[in-house]
Amino acid sequence: MSSFRFQPYDLPAHTAALRGEVRDFVAKHIADMPAPKRAQSWSGSDLAFSRALGARGWLGLTWPKRYGGHERSAAERYVIIEELLAAGAPVGAHWIADRQSGPLLLRFGTEEQRQRILPGIARGEIYFCIGMSEPGSGSDLASVRTRAERVDGGWRVNGQKIWTSGAHRAHFMIALVRSSESEHRHGGLSQMLIDMKSDGLTVRPIEDLAGERHFNEVFFDNVFVPDTMMIGKEGEGWKQVTAELAFERSGPERYLSSIRLFLEFLRRVGSDPTEAEKILIGKLTARMWTLRQMSLAVTGLLGAGENPATEAAFVKDIGTSFEQGIPLDIQALAPDDDGSEIHTTFRETLDYLVQISPSFSLRGGTREILRGIIARELGLR
Amino acid sequence: MSESRTLISETANRVLGDLAGDDFSAAWAKAKNAELTQLLVSEADGGFGGDWDDAYAIAHLTGLHGAPLPLMEAILAAHLHATFKLGNIVPITLCTNCDGAVGGDTFTGILRRVPWGREADAIIAAAGDDLFIVSRHDGTLETGENIAGEPRDVLRFDRAPASSAENTGWDAARLTRTLAMIRAAQIGGALDAALDLTVTYARERKQFGRALAAFQAIQQQLAVLAEEAAAANMAAASAFHAADTHDAAFEMACAKLRANEAAQTGARIAHQVHGAMGFTKEYDLQRFTRRLWAWSSECGNDRPWAHAIGAKIAERGPDNFWADFVAR
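As they're listed, the protein sequences go chains L and W. Read the first sequence against the numbering used here and you will find it ends at 531, with the numbers running on by one and no gaps. Read the second sequence against the numbering used here and you will find it ends at 331, with the numbers running on by one and no gaps.
It is worth saying that the hints were derived from the structure and are not from the lab. Treat the hints loosely; a few may be bogus.
[Stated by the list, open to error] Quick list of the computed label-pair ranges, beta carbon to beta carbon:
#1 Ser5(W) / Ser330(L): 48 to 56 Å
#2 Gln267(W) / His220(L): 42 to 50 Å
#3 Asp102(W) / Asp358(L): 51 to 59 Å
#4 Lys389(L) / Ala326(W): 37 to 45 Å
#5 Phe211(W) / His321(L): 51 to 59 Å
Glycine included, each C-beta is placed from N, C-alpha and C at the ideal position.
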């Protein structure tokens, strides 16, 4: 049992030029974007920016050209997304489609679905949301109750999803639904593509604790879903959703959510900070550097055609604990909040991240679920 | 992994796993016969010609087995000895706590916390910019140990003959950070051993009618232990890997600092899950956790490394941070 499969991975030398291109692109497109806005990271969205990225050829990067992709490597995709995240670029609109919905359709979708949808994702014009959680089904995903019943030419869907990020601007949802009875709790589940403009589908926003509207409730009232929208095999939804989550768990977005605050903290403390500030900066940097090596190692495994689902769980749990710790560590050490800094970039960035940081270890699989995955791999369950 | 690395790793794993009950002489003879100390000596000088990635594999194994030998010190000392033609006696250890100076052909000063100094005929150390070697027999010896019981001796010299080399690029700071990187890999190895023992124990030990492993509270703790072991090893392996291409001062500092954090968290969890059994001399866990505590305070605890990294980053400022960070 030695450390699973984390081996140092070097990004190929040719990615250096690409990195420079991304920096130039970001500098040109979001030069005036203020830090608190950049702190939204992949929750922030700007449709024009998504379309510009698509036009530049940086979405659907690794997909086949016949689906609008660019047939480039996982390493190149890594470089692009870590540069965008480090800059705080507004990538939220296309993020889910590019990261997981597109790859899911490539793997399990029909030829017609791929041809119809993937080119639009790669252009930065088609956005997705994920229909997993329900009011009675959070970490216990297999307990979903939204039902799809057979009808002539397709399915009739009834039920409700919740905490659906981006549902208000998404064109499609990939929904996990119960499509048949099964004795096994992981059986009888299916994934289907649902057009968000369907009759009977309602999206209602939920305000988060910071007053923002990123996530939603989605209601299905006799929503008709044609047969052509079934993804993969009816009843294979659990297997597919597990594969989908592996795409979601190892990227740099799992440790960079608080990078904007770290940078604004550096700006606030200046070139010769106190001993305590230097030590905090050093510790956070060492953890961040280690996480990047781990995240790169997973990219290396993906590039080699391996399935790094367990390693991805490591990266996500360590990474989200790290990015969640930054706001409180910095708040604890920041200059006294006497009101004089109330509108400064540093204070606004800090206040924002302190409030949204609880979500980091919830979204995409809670800390407890990830540790459960690791415990299973250790042979404990 | 390359074929040659697999070969040397398998040899080291076999030798280091078979030292139980040996006194120092017997254990050292096994390591020496297997030519493990020649790992970083070039093939031209009759060595194995390994690189730093190879050295990571062996350093990890010394931690994994809690090897009671200064094998990594000897590997680095043999490398420096052969590269810079330092004297005729092959040193088996080196010292990163040198208080003194080389003047002419002599060294006057104190070498502290020398790993297995008592067993060495010669020791390599650095005084400022001078890398030098002295004979232990020209000094006086005061024995000591770290909290894991590993020999950490004091040697005092008064105008002892010293052979030094100029412009080696190996000053005291580089010697220290290189040994710090080695300790990081050893911490990773010891954490893997502690994880293995703890998982095995949790599966066998029953309370309230079921194995400890069946309790979610225990599972979650063990997952964190596994994460910390993986993080320490990734940090160490990445620093060794970087050392193959440049003097990886930043990476070495990060590796030791991250490994220190992992050692603290990992040892705490391993003991908590073991209960009183892990707190006994007889049970194996202490061989690893006492090393974790000792190694995390050697070659720099958290403070100097965090301070060094933090000062440098603050000096470079927020607008250079990311570009610097991904260039390493």
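Evaluation of the provided hints:
At about 51 Å, the CB distance of serine 5(W) to serine 330(L) agrees with the hint of 48 to 56 Å. At roughly 45 Å, the beta carbons of glutamine 267(W) and histidine 220(L) sit within the given window of 42 to 50 Å. The hint said 51 to 59 Å for the Cβ distance between aspartate 102(W) and aspartate 358(L), and at roughly 58 Å that hint holds. Taking 37 to 45 Å as the suggested C-beta distance range, the pair lysine 389(L) and alanine 326(W) conforms, at roughly 42 Å.
Range check, phenylalanine 211(W) to histidine 321(L): Cβ separation about 52 Å, and the 51 to 59 Å hint holds.
Violation of the numbered hints given earlier is absent; every hint is satisfied by the structure.
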